[in-house]
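Asker: Using the sequences and the hints, build the whole thing.
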Amino acid sequence: MVTQSTIRRTNCWDYAVAESFFKTLKVELIYGHDFKTINQAKTCIFG
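If you read the sequence shown in our numbering, its first letter stands for residue 1, the second for the next number, and so on.
Treat the hints with caution; some may be incorrect.
Pairs of lysine to any residue, SDA-like flavour, derived with a Cα cap of 25 angstroms [stated by the list, open to error]: (1) 26 to 46; (2) 23 to 33; (3) 26 to 37; (4) 42 to 20; (5) 26 to 45; (6) 42 to 29; (7) 26 to 38; (8) 42 to 24; (9) 36 to 24; (10) 42 to 32; (11) 23 to 38; (12) 26 to 16; (13) 23 to 43; (14) 42 to 18; (15) 23 to 37; (16) 26 to 44; (17) 26 to 39; (18) 26 to 42; (19) 23 to 44; (20) 42 to 21; (21) 36 to 22; (22) 23 to 36; (23) 26 to 41; (24) 36 to 47; (25) 42 to 15; (26) 42 to 19; (27) 42 to 28; (28) 23 to 34; (29) 23 to 45.
Since the hints were made in silico from the structure, they are not lab data.
Answerer: Next up, the structure:
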């Protein structure tokens, strides 16, 4: 029940933009916050 990723083995930059975005999101919005509920986290991320 495992599906293979669609990334090509020869191109390591396929997901670089998405990975950079999520790293920035985590560093600037997630780390350092102590969210008590999932709704608090959603409000912080999505405004």
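Asker: Now tell me, hint by hint, if it's right for this structure.
Answerer: Right, here's what the structure says about each hint:
1. Of the supplied pair hints, the one linking residue 26 and residue 46 holds, its CA atoms being roughly 13 angstroms apart against a limit of 25 angstroms.
2. Of the pairs offered as hints, the one joining residue 23 and residue 33 holds, with about 15 angstroms between alpha carbons and a cut-off of 25 angstroms not exceeded.
3. Taking the CA atoms of residue 26 and residue 37, the gap is about 17 angstroms. The hint holds against a cut of 25 angstroms.
4. In summary, the hint linking residue 42 to residue 20 is supported, as the alpha carbons are separated by about 20 angstroms, within the 25 angstroms threshold.
5. Between residue 26 and residue 45 the alpha-carbon distance is near 10 angstroms, which keeps this suggested pair within the 25 angstroms criterion.
6. Between residue 42 and residue 29 the alpha-carbon distance is near 11 angstroms, which keeps this suggested pair within the 25 angstroms criterion.
7. Distance check on the hinted pair: residue 26 and residue 38 sit about 15 angstroms apart at the alpha-carbon level, within 25 angstroms; holds.
8. For the given pair, residue 42 sits about 16 angstroms from residue 24 by alpha-carbon distance, which is consistent with the 25 angstroms threshold.
9. Between residue 36 and residue 24 the CA atoms are separated by roughly 22 angstroms; this keeps the pair inside 25 angstroms, and the hint holds.
10. Of the supplied pair hints, the one linking residue 42 and residue 32 holds, its CA atoms being roughly 15 angstroms apart against a limit of 25 angstroms.
11. For a cut-off of 25 angstroms, the pair hint linking residue 23 to residue 38 stands: about 19 angstroms separates their Cα positions.
12. With a C-alpha separation of about 15 angstroms, the suggested pair residue 26 and residue 16 falls inside the 25 angstroms cut-off, and the hint holds.
13. Taking the CA atoms of residue 23 and residue 43, the gap is near 18 angstroms; set against the 25 angstroms cutoff, the hint holds.
14. Between residue 42 and residue 18 the CA atoms are separated by roughly 19 angstroms; this keeps the pair inside 25 angstroms, and the hint holds.
15. For the hint pairing residue 23 with residue 37, the CA-to-CA distance comes to about 22 angstroms; that is within 25 angstroms, so the pair holds.
16. Our distance criterion of 25 angstroms between C-alpha atoms is met by residue 26 and residue 44, whose separation comes to about 11 angstroms.
17. Between residue 26 and residue 39 the CA atoms are separated by roughly 16 angstroms; this keeps the pair inside 25 angstroms, and the hint holds.
18. Under the criterion of a C-alpha separation no larger than 25 angstroms, the hint pairing residue 26 with residue 42 is consistent with the structure, at around 13 angstroms.
19. Note on residue 23 and residue 44: the hinted pairing holds, with a Cα-Cα distance of about 16 angstroms set against a maximum of 25 angstroms.
20. For the suggested pair residue 42 and residue 21, the alpha carbons sit about 17 angstroms apart, so the restraint of at most 25 angstroms is met.
21. Note on residue 36 and residue 22: the hinted pairing holds, with a Cα-Cα distance of about 21 angstroms set against a maximum of 25 angstroms.
22. Proximity of residue 23 to residue 36 is assessed by CA-CA distance (about 22 angstroms); at most 25 angstroms being required, the pair is judged to hold.
23. Between residue 26 and residue 41, the direct Cα distance comes to roughly 11 angstroms. Compliance with the 25 angstroms bound is thereby established for this hinted pair.
24. This hinted pair checks out: residue 36 and residue 47 have alpha carbons roughly 17 angstroms apart, not beyond 25 angstroms.
25. Restraint check for residue 42 and residue 15: satisfied, since their Cα atoms lie roughly 24 angstroms apart, inside the 25 angstroms limit.
26. A hinted pair counts as satisfied when its Cα atoms are at most 25 angstroms apart, and residue 42 with residue 19 qualifies at roughly 19 angstroms.
27. Proposed proximity of residue 42 and residue 28 is supported: the alpha carbons are some 14 angstroms apart, at most 25 angstroms.
28. A hinted pair counts as satisfied when its Cα atoms are at most 25 angstroms apart, and residue 23 with residue 34 qualifies at roughly 18 angstroms.
29. The straight-line distance between the Cα atoms of residue 23 and residue 45 is roughly 13 angstroms, inside the 25 angstroms bound, and the hint therefore holds.
Of the hints listed earlier, there is not a single one the structure fails to meet.
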